[in-house]
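S.K.: Count along the first sequence starting at 1, add 806, and that's the number in the working numbering.
Hints listed in this document are in silico derivations from the structure and should not be mistaken for laboratory results.
A couple of the hints might just be wrong.
[As the list claims (entries may be wrong)] In the BS3-like style, the derived pairs of lysine-lysine whose C-alpha atoms are separated by at most 30 angstroms in a straight line are:
(1) Lys978 <-> Lys898
(2) Lys936 <-> Lys978
(3) Lys1015 <-> Lys898
(4) Lys936 <-> Lys952
(5) Lys898 <-> Lys936
(6) Lys1028 <-> Lys982
(7) Lys982 <-> Lys1015
(8) Lys982 <-> Lys848
(9) Lys1028 <-> Lys978
(10) Lys982 <-> Lys936
(11) Lys873 <-> Lys848
(12) Lys936 <-> Lys848
(13) Lys982 <-> Lys898
(14) Lys936 <-> Lys873
(15) Lys978 <-> Lys1015
[What the hints assert, rightly or not] For each label pair, taking beta carbons as the anchor points, the in silico distance ranges come out as:
(16) Gly926 <-> Trp975: 14 to 22 angstroms
(17) Glu857 <-> Thr932: 44 to 52 angstroms
(18) Lys978 <-> Val931: 39 to 47 angstroms
Using N, Cα and C, we set each Cβ at its ideal position, and we do this for glycine too.
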Amino acid sequence: MGNALAMRLVTWNINSLRLRLPHLETLASTLRPDVICLQETKVPDPLFPAEALRALGYEHLHYKGMKSYNGVAILSRYPLTPLDRLPDWHGKEDCRHVGALVHTPGAPVELHDFYVPAGGDEPDVTINPKFAHKLAFVEEVTAWFKNRTRERTILVGDFNIAPLEHDVWSHKQLLKIVSHTPPEIERLTAWQNVGFVDAMRHFVPAHEKLYTWWSYRNRDWKTSNRGRRLDHVWVTPDLVPSLSTMTVLRDARDWTSPSDHVPVAVDFTL
DNA sequence: ATGGTTGCCGTGCAA
């Protein structure tokens, strides 16, 4: 970005960092983000392609990954101070959260990158432990943020919950589908109400459809357009005046061998 | 109501 006191932030569930490294290069050269938060990197730390990312201009890297599943990463042109001592959510070492102070040309901002559990297919905690895990994860994260100072903080990631009626293609048909059920939405809303503002909906009114994910299982994602907004950018209220633009990079869903999620970019004047 | 596809790997599992 031209403005020295600005930051372009992208969040993207890349669904395998190593497979889609060429797409990340495209993203880096076209949007030129200052900071990129990735989810589902699916790469153990010793195999993380750090050199390739540094070559793209992301000198500062903070990541936590494992074999085959999950994995999150922050790539930054600005120096990072990783937040160590983040909780081990739900007693699992499953690489769903990293955080760092980002030393922008303005004052530092605290950035959290989350990959919330998808929760399986059955929205019933008594028969589906993955759904129970998802609800418990959000509850634990909510309780943790209640005890922190909540200023100059940004939360992004694949939250795997589409909370608003127009965050899904059919509110009525998805009410019993994991990602849009009332217990998930209640918990996500409680988390947000700890002290965050939905930055995407700051730009796009609640009555307009807004999606970031289209299933692989639709032959023609664009025609059927059965999308959901699973990816989010939240900011503390003090950062709302610094929100400048927001872009959902819908075109990325048509890239060769795409992720099922598309990148979301937000520009700040910090 | 069901099945649809993808990535990880080398089989089913998770999404």
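S.K.: If a hint holds in the structure, say so; if it does not, say that too.
M.R.: Okay, the hints, checked on the actual structure:
For the suggested pair Lys978 and Lys898, the alpha carbons sit about 34 angstroms apart, so the restraint of at most 30 angstroms is broken. Between Lys936 and Lys978, the direct Cα distance comes to roughly 23 angstroms. Compliance with the 30 angstroms bound is thereby established for this hinted pair. For the hint linking Lys1015 to Lys898, the alpha-carbon distance of about 35 angstroms lies beyond 30 angstroms, and the restraint is violated. Between Lys936 and Lys952 the CA atoms are separated by roughly 25 angstroms; this keeps the pair inside 30 angstroms, and the hint holds.
About 13 angstroms separates the Cα atoms of Lys898 and Lys936, which keeps this hinted pair within 30 angstroms; it holds. For the hint pairing Lys1028 with Lys982, the CA-to-CA distance comes to about 24 angstroms; that is within 30 angstroms, so the pair holds. Proximity of Lys982 to Lys1015 is assessed by CA-CA distance (about 19 angstroms); at most 30 angstroms being required, the pair is judged to hold. Only pairs whose Cα atoms come within 30 angstroms are accepted, and Lys982 paired with Lys848 is accepted, the gap being roughly 29 angstroms.
Straight-line distance between C-alpha atoms of Lys1028 and Lys978 comes to about 21 angstroms, which keeps the hinted pair within the 30 angstroms bound. Taking the CA atoms of Lys982 and Lys936, the gap is about 16 angstroms. The hint holds against a cut of 30 angstroms. For the proposed pair Lys873 and Lys848, the alpha carbon gap of about 6 angstroms is at most 30 angstroms, so the pair holds. For the hint pairing Lys936 with Lys848, the CA-to-CA distance comes to about 19 angstroms; that is within 30 angstroms, so the pair holds.
Proximity of Lys982 to Lys898 is assessed by CA-CA distance (about 27 angstroms); at most 30 angstroms being required, the pair is judged to hold. Between Lys936 and Lys873, the direct Cα distance comes to roughly 19 angstroms. Compliance with the 30 angstroms bound is thereby established for this hinted pair. With a C-alpha separation of about 14 angstroms, the suggested pair Lys978 and Lys1015 falls inside the 30 angstroms cut-off, and the hint holds. About 21 angstroms separates the C-beta atoms of Gly926 and Trp975, a value consistent with the hinted range of 14 to 22 angstroms.
About 48 angstroms separates the C-beta atoms of Glu857 and Thr932, a value consistent with the hinted range of 44 to 52 angstroms. Restraint check, Lys978 to Val931: a C-beta distance of roughly 23 angstroms breaks the suggested window 39 to 47 angstroms.
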